[in-house]
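Protein chains: 2
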Amino acid sequence: MSPAKKPKAEKAQKKSARAVEPEEETLAFEEGEPEADAPPAKADGGRDDTRAKQRVSAEDMAGRQREISVAEFFTKNRHLLGFDSPLKALLTAVKEAVDNSLDACEEAGILPEITVEIRPTASGENQNRFRMIVEDNGPGIVEAQLGKVFGQLLYGSKFHKLSQSRGQQGIGISAAGMYGQLTTGKPVRIVSKTGKKKPAIELEIVLDTARNRPDIVSRAEFAWEAEHGTRVEIEMEAKYQKGMRSVDMYLKQTAIANPHLTLHYVDPGGEKVDYERSTKQLPKAVVEIKPHPHGVELGRLIQMLQTTSCRSLSGFLQEEFSRVGSKVAHDIIDAAGRGLSEKSYPTRIAREEASALHEAIQKTKISSPSTDCIAPIGEELVLAGLKKEIEADFYTAITRPAAVYRGNPFQIEVGIAYGKPGGVGLELNEEGRITKRKKDSEASEALVADADEPIRLLRYANRVPLLYQQAGCAITKALIQTNWRSYGLQQPKGSIPIGACAVMVHIASVWVPFTSESKEAIANYPEIQKELRLGLMEAGRRLGTYIRKGQRLRKEFDKRSYIEKYIPHIGIALQEILDLSVPERDGTVKTLEDVLHKSRKF
Amino acid sequence: MSPAKKPKAEKAQKKSARAVEPEEETLAFEEGEPEADAPPAKADGGRDDTRAKQRVSAEDMAGRQREISVAEFFTKNRHLLGFDSPLKALLTAVKEAVDNSLDACEEAGILPEITVEIRPTASGENQNRFRMIVEDNGPGIVEAQLGKVFGQLLYGSKFHKLSQSRGQQGIGISAAGMYGQLTTGKPVRIVSKTGKKKPAIELEIVLDTARNRPDIVSRAEFAWEAEHGTRVEIEMEAKYQKGMRSVDMYLKQTAIANPHLTLHYVDPGGEKVDYERSTKQLPKAVVEIKPHPHGVELGRLIQMLQTTSCRSLSGFLQEEFSRVGSKVAHDIIDAAGRGLSEKSYPTRIAREEASALHEAIQKTKISSPSTDCIAPIGEELVLAGLKKEIEADFYTAITRPAAVYRGNPFQIEVGIAYGKPGGVGLELNEEGRITKRKKDSEASEALVADADEPIRLLRYANRVPLLYQQAGCAITKALIQTNWRSYGLQQPKGSIPIGACAVMVHIASVWVPFTSESKEAIANYPEIQKELRLGLMEAGRRLGTYIRKGQRLRKEFDKRSYIEKYIPHIGIALQEILDLSVPERDGTVKTLEDVLHKSRKF
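Chains S and U, in that order, give the protein sequences.
Letter by letter, the first sequence follows residues 525 to 1126 of the working numbering.
Letter by letter, the second sequence follows residues 525 to 1126 of the working numbering.
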């Protein structure tokens, strides 16, 4: 408590006093201890005399310093986690739950089948209340972990691991539960079953924000028809609405990027939408890798040297890093000099030597990190996903080779769907004739813009659609910096191009650098920016070829339909002049048409 | 450690095994305990037989779950804190240190005088290394707190307090030190002195990231000429560069918003820049307030009820919230019903009753939170700041009345500087004549755009300039949504307006909702958006009046200079016709000029 001079301070200060944490012993020196009841201000000598305005002294301030629990931090900053508005909160919660389900299924080698339900639970005057239910057929979670997985921030299995997954922070689903609890006071309900012969465990969990720990408020066992799986229910204040950034759109886009997923969705109106999987092939299993030497900062290297269990420097380099064999280790140590040898004892290496070692690592040629830690969707499945959910005239997909930022492998994929059926939509049929393509449309309208609107950008990170913060995302930046005019689209200066087009961009990485914990936009690392641009340009060139062909086709089509219109008349004229029989006339017309088409082949 | 089936996993898993934290006892149920050496995969029954691809079981996964230290989290996500590039890292570190210095000085009632130095410390081949030194004349920090303040994330005095300050999270300066340590392996050096007769304490601190705790590596006492103050030195990998988002620009903008600050800056080239304070008046002292009832979510209300030391509901409402007296408390309890009375014992109130209480609070009319917890700059000082650092033809400033989002008071200020000296720059002199204003320019060029460029937007939060993430900021959004064409500027659709203009926007609040921990952009709360728009419109209208007047003046000026050119000739003509003497002619010319000017007064 700080009883300092604060004349206008509101009545009681009891609350802050109560919350002050007991002082830790680690830093107790002989003087200057913060005292809860330190005498105010004047304690420290002459300095006050010179100023009229003395307000608070160093001692007063010390009394107010305290630790902040990470859960308190995120409760106050819930917009960092994507819970700033009731509309976004619903989406974020669904996203975190579905991400976890997909990760668990893939890791366990199970073809995911997920049910999402948004159930209105209006009570009293508050109509903005929903229960979100997400159930999967994943491997389940063992009971000892359930509490922490759903009721503790910064707890998880994916953070310390270098391999691609949707989750990475150990924050998301606990944060969703925390938001539900904050807005409705109700605990999170979890049901999980890890095997056929095991009971389903049902827990109700509350997160103790001051300590960032789960409190289990009820526990039951029961029989569940499912063999294994997890079900999470969170009641929350939220708002449901259709549109580009809705739960519906998120699920649709999830289906595009996860063709192995079967998804059932019950919206608040009780309507059911089913997305059936289009492939039974799971994404390839990803392998965990060690850090790549080129991505390790000096400070981290020093820390690794201090904590390694390796007993030689050469062993350390080979054991703790990827892509370092005995030859590379030898080269590094050689380049470092400073008396370092392959047998140097890692924990005894001082800062200066470590610094030399770090410089030597940067100078040594080391092969790029292995890419079996990331699993891109693949060109074929990107195309399949786009075709399944977006109706368009032209599709293309690119998977770039893997690249590296800060030692983390990543891979960019770009897909394009262009043209509204009924738009430019012309095509050559088998006989080489140009025909208008016919399609019934409207279904995918939302995903392909109109010809005079900005194109739709579908952003993905590790197969998860990103619906918010488009303006602040590296993907958007790369899209804007690409010159789409040279590919046949309109593009106002410094803006998203205009056209009946959807561009999908996917970044797969062992560690996606998001701009905030809510994982809505990609941070602007130069290496990522470069790969994004290359991917967009490659796909753009293909689009350009198609559009130019389309424009040529359009012109051809106009010319030909004009000529074709008159060919029968020419036939009749020829018949009269040359006195042809009817079959002769028709044969001549046919020949004329064939010659016409042949002479204009592409 | 997870010895599961991972055929291609890289050599050793030792590292992750070492880092597994001891299991907590809280959740030990009778089965399903995660075992470090659990038998892989096949453990759970029939399910595996049906699938070829079994990869990992629930038990395997459980073995990998663990806690993530907040310092580890931010090391991996250092872009969240503003340390994603060497260029930005330098700025972020300076910003965190200067923010802390200013906060401390103001809280202690000391007129701040701060020295910032960026010293190149290139070593070996690495040229991108600098030592940042920030020294203030603040109250100092008592020794017992020094370690934690500079070496522990989420530790501080400002988080739990509802009153305006630059810092709020208890992350910034420790994160800067952590970044320095990560990139150079060197500790942070701190010197602090809390009073004339006390010794200066010098500490070198390293942050233990796995535990998020400071390790003090050296300690010394010495005599320091300063009476009191703090000096922090951090060596880091960084890049120095001039420009819109440089340390130089940050300091210049800081001087604009903090006219009471004297700042000395030594750049890496050794050049000195001094910003002298233009006022000796400190910002008004801010008062800490209690949460406002309308901003408290149900979950938080329940938590407050459970932990209060008040023994009656009425007392609880009056003690724990601002703006609740006995009358309002009575009204709330009355409206809640459900058997609640003024004497109900807070800790015994169940969820359903708390929910009714929460609804009743929302329905009860309660005065807006007191605004003495925030200290806007004020129209006068905004103008003074703009005029001191930006040379322009027209200035205006608006301080909006305080408003509230999520129970947090905030206040918006908008300042505009328009016109490059030498541009439209026309003015009426005392005699009512229009003259061109003369000024020597170039100094403030960077802060006022050219007439054909997007205007410069200077964003501030609690007097701190925000230099990054402009695109993702609520201020930018509000600027774009304002119709500047009606105020005389050009504005491409959906873009920042064009013109020789700088717009400064300041949000002062007890809790600024930033979009990330690096505090670079404001989150888009609707209440804040609305106030921003109102402030921009009000300032915009004034600008519009000036610009229109300028345009009229320009026309007048052209006309008059034309007429004035001929008045002497008319004089000579009249002299000849009417046979006037020279004094008579000059008198007539003067009269004609006066009549002309009078007839066109504004």
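Check before you lean on any hint, since a few could be wrong.
If several chains are the same, the list does not tell them apart, and a pair holds so long as it fits within one copy or across any two.
Said to hold, decoys possible - Think about it this way: if two alpha-carbon atoms lie no more than 20 angstroms apart in a straight line, the pair counts; the simulated PhoX-like pairs of lysine-lysine are:
id	residue 1	residue 2
1	Lys-685	Lys-600
2	Lys-720	Lys-911
3	Lys-612	Lys-1001
4	Lys-851	Lys-887
5	Lys-1089	Lys-1079
6	Lys-851	Lys-1017
7	Lys-1079	Lys-685
Quick caveat, the hints were computed from the structure, so don't treat them as lab data.
Tell me the hint numbers this structure goes against, listed in increasing order. 2, 6, 7
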